[in-house]
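Protein chains in written order, with the numbering used here: chain H, 1 to 435; chain W, 1 to 298; chain Y, 1 to 323.
Derived by calculation from the structure, the hints in this document are not laboratory data.
These numbers were taken from a predicted model, which means no experiment stands behind them.
A virtual CB, placed ideally from N, CA and C, is assigned to each residue, including glycine.
Take these hints with a grain of salt, some might be off.
Label pairs and their computed distance ranges (CB to CB) [what the hints assert, rightly or not]: (1) Y/GLU164 - W/SER86: 23 to 29 Å; (2) W/LEU120 - Y/LEU230: 31 to 37 Å; (3) H/ASP381 - W/ALA279: 55 to 61 Å; (4) Y/TRP234 - H/SER232: 55 to 61 Å; (5) Y/TYR83 - H/GLU237: 23 to 29 Å; (6) W/ASN151 - Y/LEU304: 53 to 59 Å.
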Amino acid sequence: MRLPTLRRAVAVAAATLLTASGLAACGGDDDAALPASEQKEFVYWSMWQESEPVAKVIKAAIASFEDETGIKVDVQWQGREVLTKVKAALNTDDVPDLVDQGFPAIKAALGLDDQAMDLSSVYDMDVSGEAGRTVRDAVPEAYDELNTAESLILVPYYVSAFSIWYSGRDYPELVDSPPETWSDFTALFDQVKANGQAPIAQDADLLSYDSALVDAALVRTLGVGNLHALVSDESAEGWDAPEVHEALDAIAQLAVDDDYLPGYDSSKWPAMEKAWAADKAAFLHMGSWVPYALGPELDKDYDLHTFNFPTFGEESAVPVTTYGYAVPSAAEAPDAAKKFIAYFLGSKWLTKLSTDAEILTPDPNIDVPKILEDQQAMLADNDLYLADDGIVADFPDLTTRLASLNQGLITGELSADEYVDKAKEVQEQYWKLNG
Amino acid sequence: MTTTTHPSPQVRRGTPAPGTQHHGVLRIIGTTLTWAFASFNVLVLLFMLFSSFKTTKEIFRAPWAPPSSLHFENWSQAWSNGGFGSAAVNTILVVAASSVSVLVIAAPAAYALSRTQTRLAGGLTVFFTLGIGIPTQVTIIPIFVMMAKVNLVNNLFGLYVVYTAVSLPFTVFLLTGFFRSLPGRLEEAAAIDGAGVVRTFVQIMLPLARSGLVTALILNIIGLWHETLIALVFIQDQDKSTLSLSLLSFMSTITSFSDNPNWGALFAGVSILVLPMLALYVWLGRRIVEGITVGATK
Amino acid sequence: MIREAERATATTTAGVTDEGAVRSSGARSTLERDRRRLFLPFVLPALVLYLVFFIGPALAAVWISFTRWNGSTDAEWVGTRNYEVLVDDPVFHTAFVNTLLILVVVGVVVFVIAFGLTMVLREMRGRNAVRSILFTPYMVSAIVLSILWGFIFQYDGLVNSLLEAFGMEPVKWLSAGNLMPMILLGMVWINVGLYAMIILAAVDRIPNQYYEDAALAGTNSLQRFFYVTLPMTWDVVAVAATLWTINSLKIFEFIFAFGGTTTDLPSTDVWNSALFVYGMSFGGRTPAYAFGYASAAAVLMLILFAVFVILLRRIMRREPIEF
Numbered sequence: 001m002r003l004p005t006l007r008r009a010v011a012v013a014a015a016t017l018l019t020a021s022g023l024a025a026c027g028g029d030d031d032a033a034l035p036a037s038e039q040k041e042f043v044y045w046s047m048w049q050e051s052e053p054v055a056k057v058i059k060a061a062i063a064s065f066e067d068e069t070g071i072k073v074d075v076q077w078q079g080r081e082v083l084t085k086v087k088a089a090l091n092t093d094d095v096p097d098l099v100d101q102g103f104p105a106i107k108a109a110l111g112l113d114d115q116a117m118d119l120s121s122v123y124d125m126d127v128s129g130e131a132g133r134t135v136r137d138a139v140p141e142a143y144d145e146l147n148t149a150e151s152l153i154l155v156p157y158y159v160s161a162f163s164i165w166y167s168g169r170d171y172p173e174l175v176d177s178p179p180e181t182w183s184d185f186t187a188l189f190d191q192v193k194a195n196g197q198a199p200i201a202q203d204a205d206l207l208s209y210d211s212a213l214v215d216a217a218l219v220r221t222l223g224v225g226n227l228h229a230l231v232s233d234e235s236a237e238g239w240d241a242p243e244v245h246e247a248l249d250a251i252a253q254l255a256v257d258d259d260y261l262p263g264y265d266s267s268k269w270p271a272m273e274k275a276w277a278a279d280k281a282a283f284l285h286m287g288s289w290v291p292y293a294l295g296p297e298l299d300k301d302y303d304l305h306t307f308n309f310p311t312f313g314e315e316s317a318v319p320v321t322t323y324g325y326a327v328p329s330a331a332e333a334p335d336a337a338k339k340f341i342a343y344f345l346g347s348k349w350l351t352k353l354s355t356d357a358e359i360l361t362p363d364p365n366i367d368v369p370k371i372l373e374d375q376q377a378m379l380a381d382n383d384l385y386l387a388d389d390g391i392v393a394d395f396p397d398l399t400t401r402l403a404s405l406n407q408g409l410i411t412g413e414l415s416a417d418e419y420v421d422k423a424k425e426v427q428e429q430y431w432k433l434n435g
Numbered sequence: 001m002t003t004t005t006h007p008s009p010q011v012r013r014g015t016p017a018p019g020t021q022h023h024g025v026l027r028i029i030g031t032t033l034t035w036a037f038a039s040f041n042v043l044v045l046l047f048m049l050f051s052s053f054k055t056t057k058e059i060f061r062a063p064w065a066p067p068s069s070l071h072f073e074n075w076s077q078a079w080s081n082g083g084f085g086s087a088a089v090n091t092i093l094v095v096a097a098s099s100v101s102v103l104v105i106a107a108p109a110a111y112a113l114s115r116t117q118t119r120l121a122g123g124l125t126v127f128f129t130l131g132i133g134i135p136t137q138v139t140i141i142p143i144f145v146m147m148a149k150v151n152l153v154n155n156l157f158g159l160y161v162v163y164t165a166v167s168l169p170f171t172v173f174l175l176t177g178f179f180r181s182l183p184g185r186l187e188e189a190a191a192i193d194g195a196g197v198v199r200t201f202v203q204i205m206l207p208l209a210r211s212g213l214v215t216a217l218i219l220n221i222i223g224l225w226h227e228t229l230i231a232l233v234f235i236q237d238q239d240k241s242t243l244s245l246s247l248l249s250f251m252s253t254i255t256s257f258s259d260n261p262n263w264g265a266l267f268a269g270v271s272i273l274v275l276p277m278l279a280l281y282v283w284l285g286r287r288i289v290e291g292i293t294v295g296a297t298k
Numbered sequence: 001m002i003r004e005a006e007r008a009t010a011t012t013t014a015g016v017t018d019e020g021a022v023r024s025s026g027a028r029s030t031l032e033r034d035r036r037r038l039f040l041p042f043v044l045p046a047l048v049l050y051l052v053f054f055i056g057p058a059l060a061a062v063w064i065s066f067t068r069w070n071g072s073t074d075a076e077w078v079g080t081r082n083y084e085v086l087v088d089d090p091v092f093h094t095a096f097v098n099t100l101l102i103l104v105v106v107g108v109v110v111f112v113i114a115f116g117l118t119m120v121l122r123e124m125r126g127r128n129a130v131r132s133i134l135f136t137p138y139m140v141s142a143i144v145l146s147i148l149w150g151f152i153f154q155y156d157g158l159v160n161s162l163l164e165a166f167g168m169e170p171v172k173w174l175s176a177g178n179l180m181p182m183i184l185l186g187m188v189w190i191n192v193g194l195y196a197m198i199i200l201a202a203v204d205r206i207p208n209q210y211y212e213d214a215a216l217a218g219t220n221s222l223q224r225f226f227y228v229t230l231p232m233t234w235d236v237v238a239v240a241a242t243l244w245t246i247n248s249l250k251i252f253e254f255i256f257a258f259g260g261t262t263t264d265l266p267s268t269d270v271w272n273s274a275l276f277v278y279g280m281s282f283g284g285r286t287p288a289y290a291f292g293y294a295s296a297a298a299v300l301m302l303i304l305f306a307v308f309v310i311l312l313r314r315i316m317r318r319e320p321i322e323f
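So that you can see chain H by itself, here it is in the shape it has in the complex (with noise of 0.2 Å):
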């Protein structure tokens, strides 16, 4: 025991002179992987806790995929933090060889320097047991562009969108024509107040809410696309466009009338979609973990309905979250990781983890709880975007910054003129930096 631990200690010493002279020699062995055949066992790092439903339905799939495949699978429920350990083990030859997590996350995390593999060829993969089936048709192309970094680096088993969602007992007649544009949504307001509701909830506090909703309306007026060009552009001159001034005006707007339910300005996460749920406010903008999140607290005839964010004229595309899968480049075994997401995408799977977990699956064959079923028509009827027009996954630090200017816009802290100017501020010195 002494002496390795001597020995040890010398070791660690003169690690550090290595590290302190030079870090950039540390990355992981591209060329590690093993040849097909022998990779009879792999390593997987998921983003659920082994107790949760998603867990569960994984956990099922990998012990029929071992017993038909004879391939070991070694999974480590690690929760939403993997990531933090797979950016640290990067840098050794120790990587997990398939993890999960958002693609915002996994892109910010692996998406640069062909850190993930590409995984196109997963997707001619055939599912097993499954005749005519690839993974192709549990994830239509619509999705594509919502995966891809340098290469389509992640294979999706879950998808969340933000919507709006209120109760059908409270507003039926919404159930069928839901409001489509924003004049019409917020022409709703009158009655909504008369009813003794406030309009919205909103946990103003938590930062990626805010920018949820005044990205949305940014993306409705300037056309999908546009908001990343806008960011990406380091003249930042792109704040002066009046389509910017539109949507920051229509949501400065709602603080100036009164829109929110009070206390929304200064109060603590989730105190707001708590008082939605008991129906103190008519409508929240939320993804689409609304109906196990906040369901169990809602009334037995509450009826729980979402339409999709109005339009500002033509623009009606959804905003999408993809969760998946991705294989590190440095990954050992990452055949036998692909084959186990090609079995996951079986539509048995799907189909426990929509009925199980009650979450949306981007195939659109699936049933799905009825619950779920304005989300799915929704994703079905309209072009997706990803969500915050990707501005958080290619620009995390900068979109931290404008974050806290969305909060300011909706908390009425900020005008619109003020938010552009402040924005600019925050982008010309974002690309100082990273230009």
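Model the placement of chains W and Y on the given structure of chain H, informed by the hints.
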């Protein structure tokens, strides 16, 4: 035992309080405020415990009410879903080993630094002190890379080594102040008796410094017990997880698109982490007070 | 042996003159020589560990601060660009100001309250219990403390319910404009316990006869504070102030928890330098992984605080008072 080392507090309590006669009103206000402050802290602990027995709905609709019925399943859910069982064993082992090891390494260094009046010793003291201010976020990847080279990542022994190292600057800082406060005459007396420096240190100074060592021990235990970033980066297998790491992943599933997030279980999980520290504190708390007394008086 | 040693301390600390002091000058020089000889062996293990786990990685961080590095692929040398951008970065300015606010405002308030508590607690009944209770927030996770802070101060929280019960308008305590002061208040609450305990312990060691003499001389309690308590605890205050200075640089969790969850960051308006470093490296739902920039910020803040600590030691240094 302690009453012999400090001027006895009992004596003081009997004498008239300085200032009492002139500022009776101020004193009453001060006493009231102090009690209010203390009660508030008790309220915090009660709030945590009450919430751990409530349903999510109860927590948000009546945060201040005691639980209407005791939902013990919050605790069992936190314990089993968070995987706290094996994590508790790992944490106790690593934290105990590190917090003791750091004392073994820091105490001689602190003693030497406190007893040497050279520029080098003064400079080294400041040098060690600054280590407290180096943020882990920027050094963790270099440390990880270094430990990976010697195969000490994803390894409880490696975590123990890192924990021992990161506790070092604070411990040296605290103990240096502590040893400085011990009278030098004792060592001189020991030197006359022919005792060498090592024997003087081990047989006379260490026992005298005991309450300071206990203080450092407890503050390090509290710090390491709650440490998450290093554990998050270094530990990759679930069966090597620590309690705070388990709590972190349990909490992040509750607060990020979870199915029916159970906030009661979140509070139960936090209580599982906090209660052992409270127990330790109640058990050894008196020693912290004494330890800091002497330790801080350089 | 131990008991004897303790009794010996008791007599020396009580101020009894030391008859061995003169006789022992020969032994003293042997002691000095021994000490010098053993200085290195005593300090070396700690020094090696410190060099390996702090100075090595810190030097690596300094090197990283001159690069653009995402934490896993090759670093790209950018010279001083990170620093040039940093000094113009409004978010870093905010973080810098907030860090100083925490250092100075929270520090002063904590120390004033701590001294106030020493005056109150000296004669209070149940003082030991109260003392222990004051320390408890230090042990409870910042996440819980901030959830609780929310329940107390949010719009329909405890304070506003009380205000309404008295017929007053609710106040937006946690609005963007008020958030930083509320966070500072929370930090005072969390930290008072530790520093009050340190200072209290020091005040406890002041022999009561000084207070009695001062009282006989006709001083009021404020004068006694400045002429007895403060000078007698000065060394402790100096140590505690150093500890606070360095600890305040790293305060992180309580602010972070105001992002609402365990993943989202709070508004950049309330960032301090520790959050800045975290926000530019691992923090957030989609982390920035801008390790070069984050390291530059850390290096800059550390240099600044090193200067503070050295200044603080200079300012507060004086001959220790023996009593």
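Point to revise | Non-conforming hints, listed in increasing numerical order | key: 1, 6
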